[in-house]
Amino acid sequence: MKDLLKICRRYILTAVFTICFVLGVNILFFFICLIRENRYKAEPVYYNWRTEQLAQSLVWDGEEYALSQEAAEKIDADYAFAMLIDPDGQVVWSRNLPEEIPLSYSLNDIASMSRWYLKDYPVKVWEHSGGLFVAAQPKNSIAKYEMEFRVSALKAFPSYLGAYLLCNLLIVFFLSLFFGIRLYKSLKSVAGGIENLHLQRPLNLPERGMTATLAQKLNDASILLFRQKSALDKRDNARTEWISGVSHDIRTPLSLIMGHADSLEHNPALDEEGRKEAASIRENSLQIRNLISDLNLTSKLEYDSYPLRLASCSPAALLRSLAAWHMNNGLPEHFRLELNVSPELERVTVLGDADLLTRAFRNLTSNSIRHNPQGCRIRIQADQKGSMAEICFSDTGRGIPVPVIKALYRPASRPSPARREEKGTAPEGKAAGSPAHTAPHIMGLRIVKQIVEAHHGELEFELQKDVCHCVTIRLPIQEQTAPDPEQKHLPRRRKPEAPQN
Amino acid sequence: MNHIYECRILIVDDNPQLLDMLFSILKKEGYQSLYTASSCREAREVFEGKAPDLIILDIMLPDGDGFSLFQEFRAASDIPILFLSAKDQDNDRLLGLGLGADDYLTKPFLPKELTLRLAAIIRRTYLSGSRPQKEEAGLALGNRIVHFDQGTVDTPEGPLSLTAKELLILKKLFENQGKIVTFDALCDAVWGDGYYTYENTLMVHIRRLREKIEEDPSHPRFLLTARGIGYRLAQEEKA
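In order, the protein sequences belong to chains A and B. For what it's worth, my numbering labels the leading residue of the first sequence as 1, then goes sequentially. For what it's worth, my numbering labels the leading residue of the second sequence as 1001, then goes sequentially.
Just so you know, these hints were derived from the structure itself, not from any lab. Treat the hints with caution; some may be incorrect.
Chain B side only, calculated, beta carbon under 8 Å to chain A, not exhaustive [stated by the list, open to error]:
{"no.": "1", "residue": "Asn1015"}
{"no.": "2", "residue": "Pro1016"}
{"no.": "3", "residue": "Leu1034"}
{"no.": "4", "residue": "Lys1107"}
{"no.": "5", "residue": "Leu1110"}
{"no.": "6", "residue": "Phe1148"}
{"no.": "7", "residue": "Gly1151"}
{"no.": "8", "residue": "Lys1179"}
{"no.": "9", "residue": "Thr1182"}
{"no.": "10", "residue": "Pro1220"}
{"no.": "11", "residue": "Leu1224"}
For glycine and all other residues, C-beta sits at the position ideal for the given N, C-alpha and C.
Same shape as in the complex, but just chain B (with noise of 0.2 Å):
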């Protein structure tokens, strides 16, 4: 699979009129290969049938329940399953969670929603190279670029390593880039549950990785403080 929109995707729900809005969706979105079904029976033969690449799942099915049926499928092959459920008690999206499916939307969803999720499954599933290769290409920041298989930075000076903590922050920011991590978080991924937040311990760690990645340590470009909360990594600036 090259590209997120060869999937075969099968629906499965037992409302017809949500089929077709569901089918519609996805065939404007660009998914070329939709197949629907309505009960059990139908899915089971489809996914005989057509061996789809993903299936989007309903719970309360007119022949039988969901989670049988992705406990059928799932015995049979490790396609991603996503559930599209009405169903909104929190035990019911653990138990769809806790099954192995990628994913539990509850109804009603914004198209958006679903499309997203649907492709962050795919990318994940199919195309698991996208992402590290990013990562390989390398992070650039203004003048200097980050290779975090390495763990170096490029700088106009020559090449510096990081740290095994400075790496693990730049990881997380760079994985939530644009957003605020907090302290929390940044600890969590640095030292793992269980150690409280300690914002000074995290500061020394961030001055030195300014030191590193950016030209001006002390008016940062790219790792910029949200005061009191956390950290945020600039969007990617087109080198």
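In isolation and in its complexed conformation, chain A is listed as follows (with noise of 0.2 Å):
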């Protein structure tokens, strides 16, 4: 609406601009060809006047008549010719007088050539003591028109006048409007249609009227778009499936080394040493296992081909779970894990995949456990702040240095010979340095910022000189669907009863 009104009012405005430009113009040019006629010329405007003083310049000297000199070079030079006609109607002076123009006038001729021509001769009268004074110009130089008005019309036109000017304005003001609906109308399936371009999908925009060549390079633009998105979908997909199918292979001959592995590490045939081996190969086996999925997760994430399974989740329960996870699963005596959740996140939940959301938190965690071998208190603090849900995983171990947080926030490329360096100065446990060691270092975290752009979350590296010992999580908050446990109506989530003394 306010985009109709803007165009309107241009509109209008040009209308009116438009309308005094080009009267503005025709005003000057009637002037200056009015200027340039008079100087030049038959003088019109001075005609009366003129006619008077050659009437003037005839007198009667007692005998006859006498034109001034200078009257008759200017009738010689102006005029066609020159006579007087007295009362009698008879031509008692004349000069330069053609033959066929008749030397005796009835009073119809008189009336007739004083109005209009004499032969086609434009002729003007003037009243001289003698009769009447006729001048003719040649014919063919001067159009005669008659004018005439109303006085009452006159006199009234001053007062119609704003009637009409109202009129005109309202015409203006109309003519604009519509033009301007039409305007609009087009403009806004265009402009609608530049909106959806970034949807990259084929616009169908109606190619008629002023926009129709803007609408048709918008269809094809959209057009092109689209080709060009299904072909980069095209090409993701062909990497995911391609990630998907490696690691699918792997999978059988992975199998068939843990297995045996296994199997030597249990063996009392094998000595000591070999049997410790064997144990390695178990374990750095379960590190490509874990690799692959790892693998596999953050590059459907990255492509968005890993359909998010959202339901409402409580952060609080999810957190317990992955808290009561550490400790079933063997926490080292050297580490304590400490969970603190306030209240009011409680009772609050997030629209997220569970799963995935636990993945997140127990890369976090298992990080701190895997990077500080000699232990730590590892402390997970969950808050409510605002619209957001706020997690925050710190540790007092060796932290997270920069370097690992540069490399996540690089733009997902192929990894640079710099990046697998600073890779490689992650501290790690056991096998520091090694590449298949360090990839899940940087690969835990990427699925981290991944699981949480997944959830439209933020997340945050907190730096303390050089390394991070405290990552925040933050997630929106699902519009509150579980309500104070005070409460006695509780729509979806109910509190439940207590037992009865």
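Both chains are given apart, each in its own frame, so use the hints to dock them into the complex.
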């Protein structure tokens, strides 16, 4: 609506400007012509005055009429002829009189000539003491028109002027509105098309009216974008499928390696050294297994081909089950895991994929455990901050070095040699620096980042002297579905009843 | 069947090496009757000829897919089937489990994972009496014995009855004995899905439960608190 007003205003302004401009130019042109004409040619403005002058230059000297020298020259130069008709209708004086011009005139002739032409000569008459002075200009030099106005109309003109102007303004306004609406409509569809371009779907804008070419161009552009997107999608899919295919093919041989290594590890015929080696093979195969599944997940998340199973989940419950998982799966003694959930967070839910969120949380806690073999305290603090659930993972271990965080925020591309080096500097467990062992580190964090992003959340690394000891995940809270536990009427999630005394 | 190792197992996988390895893992574990098949055709033959008690089934087979084979077998018999596949996509896993498979294990796997899951399936299917028998025998907690079937606790002072909710909580903890069960899981078990975790209400039930099963409720020995996370039923003590 605002746009429509703008367009109409512009239309009206343009119309008024055009009218004024054209009128101005015309008036100017008219005056220029007038001035030029007057200066060099017949000087029509002074026509009557000149006829009067000429008439006065003709005087009776007692015997005959005599014309002054100056007037005679004027008549010879600018006029066809001049004559004087006495009250009886007889020509008593003339100069340059052509033969076709009669020498006597009736009242009818005089009346006709004084207003129009005499034998096609445009004539002017002036009262003279001796009768009627007639001055004729050459044929086809002057056009004569008669103009008459009713006096009442002339008198009413000023009062009509307002109405005329009003009518004109209304016409201009309605025309502007009409054209404005038309333009607005066609522009609107084009604007809608531009807004929809980012959806990368082929547009089908109507290609007619004043925006036909524009609409056509937009349609073409959208098809081009769509094709590009399809090509990109195809490539991304191919990559994801390739990774998935390769990891699939690795799984069977890896099963054999793990199975045989496990069997060797428990083979009493083998000496201790051999069993240790077998155990190492098994452990590293497990690493490869985790790597493969991480690689698969990260590539799927990267190209949005991971179907999120979204449901309302309670971050508090997820964190508790994570803590329980760690403790149930034998958290080494030199580690301490503390979980603090604020009462406010107990009541909120987030819309998310519980498995993925758990995975993100676990990647962070597992990183703390893996990279601090000497043990540390891991603290998970969960609060509600405005419309976000804020979960802060911190530990007293060696922390995440800045290069790792930088590598994480580098645009996803082929790992550069520099990046590999950075990964190598990451603090590692027993196999620090070995490529197989460094990869899960960055990949684990990358997966955390991807999962948080897939949930429209925020990930923050708090730095203290070049290392990060505190990673904060913020997830948007779902509209409060779990009300205050003290309330009686609970629409969805209800308060469990306390035992009766 | 008196023992899990009497279970006759058919292993279907197209990779002969893996088949060998699976065979030897299970053999070493103690299973007596093992059959192998490397294609759908062979699997059908064994299925009809030997009538196995359990099948370990791969999904990608040279002459068909495991899912269809599964449906074929399921139509003929109710024996437990475990998928062992390199397909790790959630969709495949969900499809397998959705069809009614008893378990789905992705490759690569640790032999222990497989044997534990197998044992669990066999116990569940063929020796289902074993766990309840244990339950029926009662849960000994120090000088007290919980009878789940009757919902009572034998104490030196005489029997005490447990409320329905106390019984549910105790059962849940007993099922996961030795492991922490979160408040959420306990609330879920007692009140069902849809209740948000309300620690305080649960705490009241736990306190009453402790009064019944602990000798000294203020210093519990069996029903332990994992602060901020949940509760744990300590491993059974040999009475």
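Verification of the supplied hints:
1. Asn1015: holds, 5 Å
2. Pro1016: Where the cut-off is 8 Å and the nearest Cβ of chain A is about 11 Å from Pro1016 of chain B, the hint is violated.
3. Leu1034: Hint on Leu1034 of chain B: violated, closest Cβ of chain A at ~15 Å, above 8 Å.
4. Lys1107: Nearest chain A Cβ about 4 Å off; hint holds.
5. Leu1110: holds, 6 Å
6. Phe1148: violated, 19 Å
7. Gly1151: Violated, about 15 Å.
8. Lys1179: Because about 4 Å separates Lys1179 of chain B from the closest Cβ in chain A, which is inside the 8 Å limit, the hint holds.
9. Thr1182: OK, holds: Thr1182 of chain B within 8 Å of chain A, min 4 Å.
10. Pro1220: Since the shortest Cβ distance to chain A is 17 Å, the answer is violated.
11. Leu1224: Hint on Leu1224 of chain B: violated, closest Cβ of chain A at ~11 Å, above 8 Å.
The structure fails to meet hints 2, 3, 6, 7, 10 and 11 from the earlier list, while all remaining hints are met.
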